[in-house]
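Chemist: Position chains C, Z, W, E and F against the provided structure of chain H, taking the given hints into account.
Those protein sequences? They're chains H, C, Z, W, E and F, same order as listed.
For the first sequence, this note's numbering assigns the number 1082 to the initial residue and increments by one for each residue that follows.
For the second sequence, this note's numbering assigns the number 1082 to the initial residue and increments by one for each residue that follows.
For the third sequence, this note's numbering assigns the number 1082 to the initial residue and increments by one for each residue that follows.
For the fourth sequence, this note's numbering assigns the number 1082 to the initial residue and increments by one for each residue that follows.
For the fifth sequence, this note's numbering assigns the number 1082 to the initial residue and increments by one for each residue that follows.
For the sixth sequence, this note's numbering assigns the number 1082 to the initial residue and increments by one for each residue that follows.
Just so you know, the hints here were simulated from the structure itself, not pulled from any lab data.
It is possible that part of the hints are untrue.
Identical chains blur together in the list; that is why a pair holds if it fits in one copy or across any two.
Keeping only pairs whose Cα atoms sit at most 30 Å apart, straight-line, the calculated BS3-like set for lysine-lysine is [to be verified]:
#  : residue 1 : residue 2
1  : 1170      : 1110
2  : 1197      : 1153
3  : 1107      : 1146
4  : 1197      : 1170
5  : 1153      : 1130
6  : 1146      : 1197
7  : 1110      : 1130
8  : 1170      : 1153
9  : 1107      : 1153
10 : 1146      : 1089
11 : 1130      : 1107
12 : 1110      : 1153
13 : 1170      : 1107
14 : 1130      : 1197
15 : 1146      : 1110
As the structure is a computational prediction, the values presented were derived from the model and not from experiment.
Protein chains: 6
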Amino acid sequence: MRLAVYRKATFNAAHRLHNPTWSDEKNQKVFGLCNNPNFHGHNYQLELKVVGEVDPETGYVIDLKIVSDLIKELITDRFDHRNLNLDVKEFQHLNPTVENIAIVIYDLLRERFDPKYELQVRLYETPRNFVDYPA
Amino acid sequence: MRLAVYRKATFNAAHRLHNPTWSDEKNQKVFGLCNNPNFHGHNYQLELKVVGEVDPETGYVIDLKIVSDLIKELITDRFDHRNLNLDVKEFQHLNPTVENIAIVIYDLLRERFDPKYELQVRLYETPRNFVDYPA
Amino acid sequence: MRLAVYRKATFNAAHRLHNPTWSDEKNQKVFGLCNNPNFHGHNYQLELKVVGEVDPETGYVIDLKIVSDLIKELITDRFDHRNLNLDVKEFQHLNPTVENIAIVIYDLLRERFDPKYELQVRLYETPRNFVDYPA
Amino acid sequence: MRLAVYRKATFNAAHRLHNPTWSDEKNQKVFGLCNNPNFHGHNYQLELKVVGEVDPETGYVIDLKIVSDLIKELITDRFDHRNLNLDVKEFQHLNPTVENIAIVIYDLLRERFDPKYELQVRLYETPRNFVDYPA
Amino acid sequence: MRLAVYRKATFNAAHRLHNPTWSDEKNQKVFGLCNNPNFHGHNYQLELKVVGEVDPETGYVIDLKIVSDLIKELITDRFDHRNLNLDVKEFQHLNPTVENIAIVIYDLLRERFDPKYELQVRLYETPRNFVDYPA
Amino acid sequence: MRLAVYRKATFNAAHRLHNPTWSDEKNQKVFGLCNNPNFHGHNYQLELKVVGEVDPETGYVIDLKIVSDLIKELITDRFDHRNLNLDVKEFQHLNPTVENIAIVIYDLLRERFDPKYELQVRLYETPRNFVDYPA
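This is chain H alone, in the form it adopts within the complex (with noise of 0.2 Å):
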């Protein structure tokens, strides 16, 4: 049977949400006061599950040194104490909603692990609110 290993990370960012297409009033009446033009922000947590098999020899199903190596290049390093609107290119074209932050996370981190490893992206916008993805 596989087994899953999880591990957190945070990053502190400024956001708007945002539809260029859309007028700016109804940006203002779908996102509310989440499309203040100067910004709002968020400490993210993520929470990043890798499963797969346990390695008899170490007893580990990965090298946690690696899965947060990851994390902190493709991640951290360019999303805290960071615009995402502004300064994180993924979200030039793209609006940052908690659902689309994850969908890039898992992106950027399911193209550097090993095919072998299933992953799953949990990511916490507030204490309150959080997504999953995959599902």
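Modeler: This is chains C, Z, W, E and F only, laid out in the frame that chain H set:
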């Protein structure tokens, strides 16, 4: 791939575990302190999971305002600061174990959400005792 | 210098806020949902602080077994899975607000602890509402 | 003896640490990533402590509705989903460190609370970094 | 539809990661600080998930007293305040990584639960590192 | 008015409670399971409180980089993944109760902080047992 979004809510309620078809002795034996005829209570924490596709226009699976309005109308406005056994009609003939409360919450929400969304209820009776429905 | 040690305990109880010298209208106006005649309830979390000198022989301020036995005897055995208004004699003529519950707990514990220890009670009614006594 | 009651609130805001009397190099050296000109953000958690006597009629130190209304009017309605540097007048000429934000919050609340109450602000910038004012 | 109930327990234990078929250098290289020959330790938190049907007579999936008695007998009475490598026979020839501890716990519990229940073990080594078995 | 800033850190260590001037029977009687000769362990969480004035130039009480560097050098580099009794010289002749560990941490930090800062150590041995020094 589908994505899950979560929304939390709380309600503070009194309840008592009791099976009216049993003797007092059997109720006492099976339910112990939870059978106290004068009731006890809990801070229940509800975590609703909604699974669906991301809407490319909004970047949302669902507008969480819709989710929180439904939770308020169907659950917290009816359960919060209530006695579940005496004040909530769903438990007039149903023992309000955390299992049964979770099933009632799921059924109430399920009939008002678009069938394209998959739902799951996690309900905490205490920080140490909680259930998921469906599993 | 003195050192503080802390011990936590929980009790799950029903209660109702009510002043019997007031009209029903005034009770309803002041206490709102908390005045529900059928009661509601909470998971109360107690955090007892005991301040004293470190005993050089044990390295303890106090044996926590003594602390937890006193909390069990005086508080949780009497309050847990009870209706505070109906089942606990200290609240027969005292409104069980979180403030008054904290004062009752402090007084019960104070008379059984050696006077060389300073005590403080923190009581959570919910994760968001709590009190310290004395301040 | 006096009793302390606590009330929590949250606001999600963008900010940037910057001293306009310093060079860009010095700002970068002292504030590091927090000096990012495009801002970053946090889920701030506010915990207001109100110390006073228990009113024998209500069993309350203060009606928490009054406390939460004042926090909403003075703090969360003005800080939540805002850019502290650009949108909140108190930080037009004051660096929005967590220390300075706590002092501003305390001063705003202090002038609207009855002087018989002692106040203290605890403000979390992240779950690991927080301050108390006054100490 | 089936329902999942959860039960938590904790045990505080010492351990050391070590593969006796490797050289000291390789153990040091792979396991780093976790290879310290004098051991280190953790507050392990166990979260057992039990999946089954709700019994219509009790409203329970399973009496949690049965669950907590089995966890006490098989796990906490044997692991708590122990050195996993030296005091627990299951780890005499098995490296006590959090993965392997979770598998041992699952196997011990699995053979004593009725096969109609599906089980899953979540084990936290720290608040940031945890595993699920089976995944 | 002065302001308090807090910084958290964790270390995972093994320990054993033992008074070498007592018989084995007395050690067993007083310290119970904590006296296990093969050690057990904990995830200790340290919360350092630093009280001072806010510097008007930076808006900081103290640069938290200085605080975290001192905690790393003096505490976590020396205590983390260690056996406190065998590997840390301060506990060669001092029983590593949570009280004594907190006092040692305070003394180590106190001599390296500017006297203008007031310090307090909060140390969690488990989420339920913790101490403050000084009280």
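Chemist: Enumerate the violated hints, using their earlier numbering and listing them in ascending order.
Modeler: Violated hints: none at all, because every hint is consistent with the structure.
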